[in-house]
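With the sequences and hints as input, model every part of the structure.
Sequence lines, in order, name chains S and Y.
Residue 304 is where the first sequence ends in the numbering used here, and the numbering goes up by one at each step.
Residue 511 is where the second sequence ends in the numbering used here, and the numbering goes up by one at each step.
A portion of the hints provided could be inaccurate.
SDA-like, lysine to any residue: derived pairs with alpha carbons at most 20 Å apart [what the hints assert, rightly or not]:
| id | chain 1 | residue 1 | chain 2 | residue 2 |
| --- | --- | --- | --- | --- |
| 1 | Y | K334 | S | R298 |
| 2 | Y | K334 | S | L301 |
| 3 | Y | K334 | S | V294 |
Hints listed in this document are in silico derivations from the structure and should not be mistaken for laboratory results.
This one's a predicted model, so the numbers in the text were calculated from it and none came from an experiment.
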Amino acid sequence: MNYLERRVIHGVLLLAGVSVLCFAFGVMAPGDFFDEMKLNPQISPATVAALRSQYGIDQPLPLRYGRWVESVLRGEWGYSFAYNCPVRSLLMVRAGNTLLLTTLATLLAWLIALPLGVWTANRRGRWDDRLGLAGTTLLLSVPELVIALVLLYLAVRTHALPAGGMVSVGFGGLGKQAQLIDLASHLVIPAATLVLASLPLLVRHIRASVLEVLQAPFVQAARAHGIGGARLLFRYVLPAAANPLSSLLGLSIGGLLSGSLLVEVITGWPGMGPLLLEASLARDVHVVIGAVMASTFFMIAGSMVADVLLVVLDPRVRLGST
Amino acid sequence: MRTVSGYSESATTRAQSPGAPGLLCARELTVCYASRGEPSSPALLGIDFDIAPGEIVGVLGESGSGKSTLALSILGLLPESADIAGSLVFEGKDLLRFDESAWRGIRGARIAMVFQEPGLSLSPVMRVGSQIAEVLRAHRQEGSNHRKLQVEAVLAEVGLTQVDRIYKAYSHQLSGGELQRVALSQALACRPDLIVADEPTRSLDGTRQKEMLDLLRETNRKFGCALIFITHNPGLLAGFADRVIVMYAGRIVEEGPVSRVFRRPLHPYTKGLLQLMPTSLQYAGRTRGQHLPVLPGTLTDDDHLSPGCSFASRCSARTQVCQTEFPAEVAPEKGRRVSCFNYEN
Ligand SMILES: Nc1ncnc2c1ncn2[C@@H]1O[C@H](COP(=O)(O)OP(=O)(O)OP(=O)(O)O)[C@@H](O)[C@H]1O
Ligand code: SF4
Ligand SMILES: [Mg+2]
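Next comes the structure, spelled out in C-alpha cells:
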C-alpha cells in the first residue's frame, strides 16, 4: 500500500468517525425539531407524535443512524425537516458557495504570502523584514470578526461594495459579464476578510520555513560553488522548502474552511456557515450532520491535495526514504 | 615519528618560505564573530600565510582553533555576524574588497570548496547530476547537452564508474564514499586553482579515508590545483601534504614542510598533537566512530584574553615569560616558523 492509498483510507475512516460522533451529539442533545410545534396550540400532540414517527425520530439511535447511512448511500444525505427536502440538494448549493469563497481566499492568500515570506526570509533582520514582522504582528492581533466589521463598515459608508449576500437583486436579468462583475463585487469583502485573517500566520510560517532552508549546509555549499541570486532561490531554496510548505498548504486550507464558516455568517455569504448556524438553532439534525461532514470532507481533500503536492515535489517522499 | 618517504620529495622542493609570492597570500587576517551585537574573542587573529600554485597545505588544529573560519574566509562565506580584517590576496587581487557578485565569479570557478559532510552539502531534492551541472552553469555559457557530457566526464575523473546511476541519483541513494566523490567532482568541475577541503574525510571509515586522500593527491597532480586540507588528525597529513600549518586559538603557532615538522616538531602544541597519534594510524587515520585522543585541558576564554601565550595554561614547557608576553614568530630554519619562547627545549 503506498502513501496516498494509506491517506485515502485514513480519510474515509475519519469521515465515518465524524459521522458517528455528529450523530451521537446531535441526537443526545435535549430537544428536537418538533419541540417548537408542541407549543403551537393549533397542532395537536397527536399530529406531532405522528410526524415524529413518520420521520423516525422516536426510534433508537442505532436504527436512526442506519437509516441515515442508507439515505447517504442513496445520495440523499438525510432529510431536512425545515426545508422538507433531501439534505443533498440544500448542501450542494451552499457547499459550492463555500468552496468558491475558500478556494479564492486560499489562492489569494498564498499568492500574497509566498513572495512576502520568501522576501522577508532573504532580508532577515533588515528594515523591510522588521516592517513585515511588525505588520504581521499587528494583523495577527485583530480577530477576523473585527476585520469583517471594519470592511463592512467601509463598504456601507462608501457604497463602493455590496455589504452582504452573493448577488444583487435582479441578477438573473443581467448579461453574462455583468453577472460576473456582480458576483465578484459580492466576493470582495468575505474573501478579503479571510485573506487578511490568514495572511500573518502564513507569512510567518513561510518565512520560517525558507529561513531554515537558507541556513542549511547545502545552500552554503551551493553558494560556495558560485551559485547565487535567483538561481539559488528557485533551484535550491524553494524546492527544499516545498516539503514544509506543502504541509502548511494543507493546514491553511483547513484553517480557511473553518474560518470561512464564521466569516460567511458575519458577511452574509450564503455558504455552509449560515446554513449550519440556522440548522443547529432549528435542530434540523441531518442538515447539521451534512454540513459538518461536507466541511470535514473539504478539509481532508485539502490535506490530500497537499499530500499529492508533497509526493510530486519531494523525491525523498516519492522514492520512499526516511 | 614516521620518516616521510614517497610524496615528500616534491614536498620539500615545493615548500614556500613565508613571504614568497604565491597563489593566495593572507596578511594579518583577523575574524571576529559578534553574538547578539557583542563582539566575541577573535576566531582568527592576525594570520599570515601563503599558498603556492599546486601545493598541498594541511591545516592542523583541535576543534575550535579556527580552521573552518579560515576556510570560510577564503571563500567569502563568513556569516554576516562576522567581521573580517587584514588582506587576502588571490592572484594579485584583495578578495576582502570583493562584492557579492565578484565573489560569485571566484567561488566554484577559481577557488572551490569540499565540505565535511558531503551528504548535507548536496540538496536532498535535486538529482546529483543536475547539481554538478549547476556548478558548470554558474560559470560557463554552454548548451545543456555539452554540460551533461562534462558532468559525466568529471564523475569519471573522481573514480565513479557507474556514471549513469550516480547522475540520476538523489543524495540519499548514495553511499558516503560516493557522496564525497560527488562533492569533489563539484569542486573540480570548473578546474579551480585552489580547493579548500574542510575535514572532507571525517565521516568516512579508514579505508575510504585513504582512498579519498589518494584521489585528492591524484587530482592535485593531474590538474595542478593547490589544496588546503583541513584536519584535526595529523595522521592524515604525513605522506600526503607538502606543508603543514598548525593552528591554536585562532593563531598559526607553527608552520613548515610536513616531513620536517613531523620529524622534529618545535611547538609544544604540535609535539603534543603528534605524540597522541598512534603509529599504526599514521597514514590512514582512525576508523569512523573512534575518536583521536585529545590533549589534556581545553582552551578557555582566559587564554584568549591573556597577554601571554594562549597555550600557556596547557603547556608543560611553560616558563615565567610565557604568561606575560606573547611569543613572537621566529624562523629557526628556512621554510619553517614557530611562535614559542622555548621551542628549542
Ligand atoms: N557562526 C559563528 N558565530 C559565532 N562564533 C563562531 C561561529 N563559527 C565559529 N565560531 C567560533 O569561532 C571559533 C573557531 O571556530 P571554527 O569553526 O573555525 O573552528 P574549527 O577549527 O573549524 O573547529 P572544528 O574542528 O570543531 O570544526 C570557535 O570558538 C567557535 O565557537
Ligand atoms: S610560549 Fe611558553 S607557554 Fe607558549 S607554547 Fe611556548 S613554552 Fe609553552
Ligand atoms: Mg570546522
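For a quick check of understanding: which of the numbered hints are violated here, in increasing order?
Those not satisfied: there are none.
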